[in-house]
Amino acid sequence: MDAFLRSAANLARPQTDQPAVPSEVPAARARLSIEPISDGLSPGPAVTVAGASKIFSNGTHALANIHLSVLSGEFVSFIGPSGCGKSTLLKMIANLYEPTEGKISWWGGDRRQIGGPGRRLAFVFQDPTLMPWARVEKNVRLALDLEPRGTQDTNALVAAALEQVGLTRFARSYPRQLSGGMRMRVSIARALVDSPNLLLMDEPFGALDEFTRNKLDLDLVQLAWKQRLTTLFVTHSIYEAVFLSTRIIVLAANPGRIYGELLVDEPQLRTDAFRDSDRFSELCRELSRMLTGASKAVMA
Amino acid sequence: MIQAMSREWVWRVLAPVLVGVALVLGWEGICRGFSIPSYLFPAPSAIVASFVENMPLLFSSFASTALVAFKAFGLAVLIGTIVSFLFVQSRFAEIGLFPYVVLLQVTPIVAIAPLIIILVKSTELSLIICATVVALFPIISNTVTGLRSVDPGLLSYFKMKRAGRLNTLLRLRIPSALPFFLAGLRISSGLSLIGAVVAEFVAGTGGRDAGLAYQILQSGFRLDIPLMFAALALIAILGIIMFLLMSALTQVLLGHWHESAIAEHG
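Chain order of the listed sequences is A and B.
Reminder that position 166 of the first sequence reads as 166 in our numbering, one-by-one numbering, no gaps.
Reminder that position 71 of the second sequence reads as 71 in our numbering, one-by-one numbering, no gaps.
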């Protein structure tokens, strides 16, 4: 147990007013008990955020001087108090917002890299954001309709994506006929049908009950492992962040900035047994302490 | 379950029919009991007799008014939809044109109709233009609102997928706008009939193509009040037909997904 505590103390690195240094990440990566993943195209980080800030037109200073590097295959969660800019950061990485200052690069290049072979990006929103007028299969197919892939059998791709999320039987249903959890699965299937390499998820299970959330978390962690996805995940839940992630970035607010990060040095393919382990509890406590610190942190 | 639904359906039809029969019987009873002369307030039996006697004339007028109303409605839908798309695609078009659309809406048709009738040579065309002017605004207003009321998450998704304007319009904005558009159609269908009748009143055109409004005017001059009521009843029936057609269209297009249609029809 002492070894665990020492390990946690080393891994949890509060960085008040200090940006996360990209060069630290490869070292951290080496400590994770997962195989290094390479897509054969991008040996470098999948995403690099270099000194990015975001000030909205109404004057809200959402993010300040964010430095971040995410390697292929990592599962990185963002956690922090409300208004700390988690979703804004994710949307900047999704190329939905432009940073006011700084730069974001994808697979070592600019936004033109997104969408190429082995460089596909998918986003799962906080709400399922489905088209209520379309059946489940048509909702999933939307990703392919908007970016046609030539000769690929789209029916087979849609069927495979629905099977992955366990909704094959509901392909002909309308979103209103599904539960909240099932609708979110459709949203995930729509992301998966695109065969993404980088999956961005903005608190996707926040509105679900604890039981459904745990089930979807388990499905997601296995899916991310099987598909070798690089996943960036926003959450408010300490337990969810620890269960899913290989690395957790803690953000502080006013303006949003990186407060620290916590490495989860456990095998990436998790099972429910991990939730019951002492290590899980220890990591949750550590993350909770960091979050308390982040909530109290005031910009110098 | 099915039995309960059919019972509910029978009840929905039967209840208004029973109320209608009771009202007509009461009306007939009052007219006969108090010996009210038919030139003041005709009994339903007198109206039916007048309807049977003038059936060819009334049906010809019915067809004439219906044709004007339907043509005006179709034109309003066409123009309204094009203008709405233009407003949504071009901020300049919206800012430049919207005040004039409002101007057209707030100016009473009774005031514009004589001008249109003078300017346009064909009487039928002038009637159609008047009715179109009345029916246009709800379609533009509702469709523009609908085209703008898109789920922001879905819009972000389309943006992220780099979907072009046309793709976003066809796959997202138009389906999102459908409930608003159909609500606009329901209002406009009634308004096109009102516009047609008002224009006929102003034009006061007789002859072979005389509409129901002309029959009302003429029967008023002749104190043929039963005929006036018969023409009035046909206008109401025409309005109901248009409303039911729009309701059926709404049900076909929204019944499987939109709350308004699902709630209304179970």
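If you're looking for bench data, these hints aren't it; they were derived computationally from the structure.
Where is the CB? At the ideal position from N, CA and C, for every residue including glycine.
Any given hint could be a false lead.
Calculated lysine-lysine pairs in the BS3-like style (CA-CA distance at most 30 Å, straight line) [said to hold, decoys possible]: (1) A:K226 x B:K71; (2) A:K103 x B:K159; (3) A:K226 x B:K121; (4) A:K103 x A:K215; (5) B:K161 x A:K138.
With the Cβ distance kept under 10 Å, some of the chain B side facing chain A (calculated, not the full set) [stated by the list, open to error]: (6) S149; (7) G153; (8) M160; (9) R162; (10) R165; (11) N167; (12) L172; (13) P175; (14) L178; (15) W257; (16) E259.
Practice problem: Please write out, lowest number first, the hints stated earlier that are contradicted by the structure. | Solution: As far as the earlier hints go, 1, 3, 4, 6 and 10 are violated by this structure, in ascending order.
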